[in-house]
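Q: Residue numbers (the numbering used here), protein chains in the order written: chain A, 8 to 80; chain B, 66 to 306.
Hints listed in this document are in silico derivations from the structure and should not be mistaken for laboratory results.
Built from N, CA and C at the ideal position, the CB exists for glycine as well.
Any given hint could turn out to be false.
Said to hold, decoys possible - Derived DSBU-like pairs: lysine-lysine, alpha-carbon spacing no greater than 35 Å straight-line:
1. B/K290 with A/K67
2. B/K117 with B/K292
3. B/K290 with B/K247
4. A/K67 with B/K117
5. B/K291 with A/K31
6. B/K120 with B/K247
7. B/K120 with A/K31
8. B/K290 with A/K68
9. B/K292 with B/K281
10. B/K247 with A/K68
11. B/K247 with A/K67
12. A/K68 with B/K120
13. A/K76 with B/K120
14. A/K41 with A/K31
15. B/K281 with B/K291
16. A/K41 with B/K120
17. A/K67 with B/K292
18. B/K281 with A/K67
19. A/K76 with B/K247
20. B/K235 with A/K76
21. B/K117 with A/K41
22. B/K235 with A/K68
23. B/K117 with A/K68
To be verified - Over 12 Å on every C-beta distance to chain A, these chain B residues come out as not near it, computed from the model:
24. H115
25. K247
26. V265
27. T275
28. A294
29. A295
30. D296
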Amino acid sequence: MLYTVADVDIVLHGNETAAEHKGKRCEISVECGKIEGVIQNGEITVRRLISTDPVQYLNKKYAPGAVWKQNNS
Amino acid sequence: MEENRSTNGQDREAEQIIESGSVTKSSGRHCIHCLTVIGQIEGHYILPEHNKTTKYEHVIPQLVAIEEDPEIEGLLILLNTVGGDVEAGLAIAEMVAGMSKPTVSMVLGGGHSIGVPLAVSANTSFIAPTATMTVHPIRMNGLVLGVPQTFSYFNRMQERITSFVCENSKISAERFRELMTKTGDLVTDVGTVLGGEDAVREGIIDRLGTLSDSMKELCGLIDEKKKTAADDGKLAPKEEL
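Excised from the complex, chain A in its bound form (with noise of 0.2 Å):
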């Protein structure tokens, strides 16, 4: 349930195309756990973190709408 002065027709335009254009879903094993991320451009932006180590959700290469690089993991 929305509680938001934005109107909620502009909130959710485009959530039935959007899959369209998300590109490929992946997911990573990284030390703490696994990273969800969109694969576009050749490159993955991380979605989430799936770890159970609350420590790792300030680390901002693990922060959503990061790149994820490689060399990261």
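Given chain A's structure and the hints, the job is docking chain B onto it.
A: Coordinates of chain B only, in the frame set by chain A:
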């Protein structure tokens, strides 16, 4: 700047900047973490990509890490949000309210809808004079059944927000409900837009202020907590050998 920065703190900051560009700040008097809550609070559903979002599944473990980290002494929350998912917002707000470390929130630009409980969840809340907060009823998208139970459900959801805000600020539940259902303030909606001064006058936010005021308050709370801990240490009975 104080000269009492710990070597550990400096090493940690350097490491964070090199490794992660983290926003934990330790070059000042205290090591604080700055959490920015922006755009939509994303909840159980991933929002389309044109939205800027704060993801609760990332923020919640961050709050656990901040609470657990012995070097982080306080939390500064900067809010500029249009609201978002009720349960994600309340979850973050409850986490902040339950922290043992000093917390200060600062509303900049806007702290609307579910941003209100987030703003009041800190120990002390500030709002910039130009910032606004919109208090309005909950809405629902998708199929809505026109039956009394729907309104009862809406009421219960709104009550969750009202009770949290009233428990963590000085506004009464009656007044908050009144602001929530006021007509004549918004063009195509019911509710109230509160400017910085209005939010303070209504008792939702503690003070009008700037970033430096927030930092000063947070440092003061940290110093107070350290002093209390030191006093408790002195008063605690010594263990018998």
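Q: Does each hint hold? Answer for all of them.
A: Evaluation of the provided hints:
1. Proximity of B/K290 to A/K67 is assessed by CA-CA distance (about 29 Å); at most 35 Å being required, the pair is judged to hold.
2. The suggested pairing of B/K117 with B/K292 is violated, with an alpha-carbon distance near 40 Å, which exceeds 35 Å.
3. Of the supplied pair hints, the one linking B/K290 and B/K247 is violated, its CA atoms being roughly 40 Å apart against a limit of 35 Å.
4. Taken as a hint, the A/K67 and B/K117 pair is honoured in the structure, with Cα atoms around 17 Å apart against an allowance of 35 Å.
5. At roughly 50 Å between alpha-carbon atoms, B/K291 and A/K31 are farther apart than 35 Å, so this suggested pair is violated.
6. This hinted pair checks out: B/K120 and B/K247 have alpha carbons roughly 31 Å apart, not beyond 35 Å.
7. For a cut-off of 35 Å, the pair hint linking B/K120 to A/K31 stands: about 21 Å separates their Cα positions.
8. Taken as a hint, the B/K290 and A/K68 pair is honoured in the structure, with Cα atoms around 32 Å apart against an allowance of 35 Å.
9. Annotation: proposed proximity of B/K292 to B/K281 holds, straight-line Cα distance about 16 Å (limit 35 Å).
10. Taken as a hint, the B/K247 and A/K68 pair is broken in the structure, with Cα atoms around 45 Å apart against an allowance of 35 Å.
11. For a cut-off of 35 Å, the pair hint linking B/K247 to A/K67 is broken: about 42 Å separates their Cα positions.
12. For the suggested pair A/K68 and B/K120, the alpha carbons sit about 16 Å apart, so the restraint of at most 35 Å is met.
13. A distance of roughly 22 Å separates the Cα atoms of A/K76 and B/K120; the hinted pair therefore holds under the 35 Å criterion.
14. For a cut-off of 35 Å, the pair hint linking A/K41 to A/K31 stands: about 16 Å separates their Cα positions.
15. Of the pairs offered as hints, the one joining B/K281 and B/K291 holds, with about 15 Å between alpha carbons and a cut-off of 35 Å not exceeded.
16. Taking the CA atoms of A/K41 and B/K120, the gap is about 17 Å. The hint holds against a cut of 35 Å.
17. Taking the CA atoms of A/K67 and B/K292, the gap is near 33 Å; set against the 35 Å cutoff, the hint holds.
18. Our distance criterion of 35 Å between C-alpha atoms is met by B/K281 and A/K67, whose separation comes to about 27 Å.
19. For the hint pairing A/K76 with B/K247, the CA-to-CA distance comes to about 51 Å; that exceeds 35 Å, so the pair is violated.
20. Under the criterion of a C-alpha separation no larger than 35 Å, the hint pairing B/K235 with A/K76 is inconsistent with the structure, at around 48 Å.
21. Taken as a hint, the B/K117 and A/K41 pair is honoured in the structure, with Cα atoms around 23 Å apart against an allowance of 35 Å.
22. Proximity of B/K235 to A/K68 is assessed by CA-CA distance (about 40 Å); at most 35 Å being required, the pair is judged violated.
23. Of the pairs offered as hints, the one joining B/K117 and A/K68 holds, with about 19 Å between alpha carbons and a cut-off of 35 Å not exceeded.
24. The claim that B/H115 is not at the interface with chain A is violated, since a C-beta of that chain comes within 12 Å of its own (minimum 7 Å).
25. Here B/K247 stays apart from chain A, with its beta-carbon at least about 15 Å from theirs, past the 12 Å limit.
26. Non-interface call for B/V265 relative to chain A: holds, since the shortest CB-CB distance, roughly 20 Å, exceeds 12 Å.
27. Listed as outside the interface, B/T275 is consistent with that label: its C-beta sits roughly 24 Å from the nearest C-beta of chain A, beyond the 12 Å cut-off.
28. Residue placement check: B/A294 keeps its beta carbon more than 12 Å from all beta carbons of chain A (closest about 23 Å).
29. The beta carbon of B/A295 sits about 27 Å from the closest Cβ of chain A, which is more than 12 Å, so the claim that it is off the interface holds.
30. The claim that B/D296 is not at the interface with chain A holds, since no C-beta of that chain comes within 12 Å of its own (minimum 30 Å).
Hint compliance for this structure: hints 2, 3, 5, 10, 11, 19, 20, 22 and 24 are broken, all remaining hints hold.
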